[in-house]
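Residue numbers (the numbering used here), protein chains in the order written: chain A, 1 to 111; chain B, 112 to 221.
Worth flagging that the hints you see were computed from the coordinates, not collected in a lab.
All residues carry an ideal CB built from backbone N, CA and C; glycine is no exception.
It is possible that part of the hints are untrue.
Using 25 Å as the maximum straight-line C-alpha spacing, the simulated PhoX-like pairs for lysine-lysine come out as follows [stated by the list, open to error]:
1. K2/A to K45/A
2. K98/A to K182/B
3. K98/A to K168/B
4. K98/A to K2/A
5. K45/A to K79/A
6. K98/A to K45/A
7. K125/B to K182/B
8. K120/B to K45/A
9. K168/B to K2/A
10. K168/B to K45/A
11. K79/A to K42/A
12. K182/B to K168/B
13. K45/A to K182/B
14. K120/B to K42/A
15. K182/B to K120/B
16. K79/A to K2/A
Which chain B residues stay away from chain A? Per the calculated CB distances, all over 12 Å, these [what the hints assert, rightly or not]:
17. P119
18. D137
19. H140
20. R183
21. E184
22. T197
23. V199
24. T219
25. V220
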Amino acid sequence: RKEVEQDPGPFNVPEGATVAFNCTYSNSASQSFFWYRQDCRKEPKLLMSVYSSGNEDGRFTAQLNRASQYISLLIRDSKLSDSATYLCVVNIPFGNEKLTFGTGTRLTIIP
Amino acid sequence: NAGVTQTPKFQVLKTGQSMTLQCAQDMNHNSMYWYRQDPGMGLRLIYYSASEGTTDKGEVPNGYNVSRLNKREFSLRLESAAPSQTSVYFCASSWGHGYTFGSGTRLTVV
C-alpha cells in the first residue's frame with residue numbers, strides 16, 4: 001500500500017463549481033498534513049496546512065479525519081487559475097522534517 | 112530574497128557522463144533535500160541533509176551522491192548517468208515542515 005494515495009484525476013470542472021479531493025495515508029503515527037499545489041512544469045508550492053479542527057483559507061477548506069486516515073481539500077467558486085495538480089503531503093513519523101508526497105490530483109477548470 | 116536556486120534548468124547527458132546539480136538556499140534553513148519527479152510516481156526523495164555536515168539516503172539513492180558543502184549549498188552528483196535517471200529534479204529546503212522548492216532541473220540521459 002502506498003503511504004499516501006490520491007485519485008490522479010483528471011477532474012474537469014466548470015468555472016464557479018465546487019470541487020473536492022480526498023487523500024488517504026497509511027501511517028497512523030503521522031502528525032502533520034499539507035496540501036501543495038503544482039502548476040504545469042513548475043515546482044510544488046505549499047497551499048495550506050491541514051489541522052485537526054479543519055481550516056479555511058478563502059475559497060479553500062482542508063479537513064483531517066484521523067480515525068479514517070484521510071485528508072480532504074474543498075475548493076469553492078473555482079477559478080480558471082485553480083487549474084493545477086494538488087499534492088497531498090504527510091510527514092514521516094520520527095523522520096525529522098521529511099515528508100511523503102502523494103502523486104497528485106490534476107484539476108482543470110473549464111471556462 | 113531568492114529562496115532556493117537550482118542550476119542548471121535543463122541538461123542533456125549521454126549515458127556514462129557525469130554531472131553535478133547545484134542547489135543553494137538563502138533562508139538559513141537547516142534541512143535540505145533532493146527529489147526526483149517522474150510521471151505517475153510523484154516526488155521521490157533521493158537524499159536529504161538535516162544539517163550542515165550530515166547527509167542521509169532517501170527512497171531512491173542508487174546512482175547518486177550528495178555533498179552538503181555548507182549550510183546554504185547542497186549538490187547532487189550523477190557519476191555515470193543512465194537513461195533511467197531521466198527525470199525532473201527538485202531541490203528543497205525546510206524549516207519545520209514548510210518546504211520551499213527550487214524551480215527544478217529537467218535532465219535527459221540519452
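Tested hints:
Of the pairs offered as hints, the one joining K2/A and K45/A holds, with about 22 Å between alpha carbons and a cut-off of 25 Å not exceeded. Of the pairs offered as hints, the one joining K98/A and K182/B holds, with about 18 Å between alpha carbons and a cut-off of 25 Å not exceeded. Restraint check for K98/A and K168/B: the C-alpha separation of about 12 Å stays at or below 25 Å, so the hint holds. Proposed proximity of K98/A and K2/A is supported: the alpha carbons are some 16 Å apart, at most 25 Å.
Restraint check: the Cα-Cα separation between K45/A and K79/A comes to about 18 Å, which is no more than 25 Å; the hinted pair holds. Between K98/A and K45/A, the direct Cα distance comes to roughly 16 Å. Compliance with the 25 Å bound is thereby established for this hinted pair. For the hint linking K125/B to K182/B, the alpha-carbon distance of about 32 Å lies beyond 25 Å, and the restraint is violated. For the suggested pair K120/B and K45/A, the alpha carbons sit about 18 Å apart, so the restraint of at most 25 Å is met.
With a C-alpha separation of about 19 Å, the suggested pairing of K168/B with K2/A holds against the 25 Å cut-off. Among the hinted pairs, K168/B with K45/A is consistent with the structure: their alpha-carbon atoms are about 24 Å apart, no more than 25 Å. Taken as a hint, the K79/A and K42/A pair is honoured in the structure, with Cα atoms around 19 Å apart against an allowance of 25 Å. Pair hint K182/B plus K168/B holds up; C-alpha atoms about 18 Å apart against a cutoff of 25 Å.
With a C-alpha separation of about 22 Å, the suggested pairing of K45/A with K182/B holds against the 25 Å cut-off. Note on K120/B and K42/A: the hinted pairing holds, with a Cα-Cα distance of about 11 Å set against a maximum of 25 Å. A threshold of 25 Å between alpha carbons decides the hint, and for K182/B with K120/B the separation of about 22 Å falls inside it, so the pair holds. Among the hinted pairs, K79/A with K2/A is inconsistent with the structure: their alpha-carbon atoms are about 31 Å apart, more than 25 Å.
With a least beta-carbon separation of about 15 Å from chain A, P119/B lies farther than 12 Å from that chain, consistent with its non-interface assignment. Listed as outside the interface, D137/B is consistent with that label: its C-beta sits roughly 16 Å from the nearest C-beta of chain A, beyond the 12 Å cut-off. Distance check on H140/B: its Cβ comes as close as 9 Å (rounded) to a Cβ of chain A, failing to clear the 12 Å threshold; non-interface status is violated. Interface exclusion of R183/B from chain A stands, the closest Cβ pair being 17 Å apart, more than 12 Å.
At the 12 Å boundary, the C-beta of E184/B stays outside the reach of chain A, the nearest C-beta of that chain being 18 Å off. Consistency note on T197/B: stated as away from chain A, and its beta-carbon is indeed over 12 Å from all of that chain's, at 15 Å minimum. Distance check for V199/B against chain A: the nearest CB is about 8 Å away, which does not clear 12 Å, and the non-interface claim fails. Listed as outside the interface, T219/B is consistent with that label: its C-beta sits roughly 14 Å from the nearest C-beta of chain A, beyond the 12 Å cut-off.
Distance to chain A confirms V220/B as a non-interface residue, since its nearest Cβ pair spans about 19 Å, more than 12 Å.
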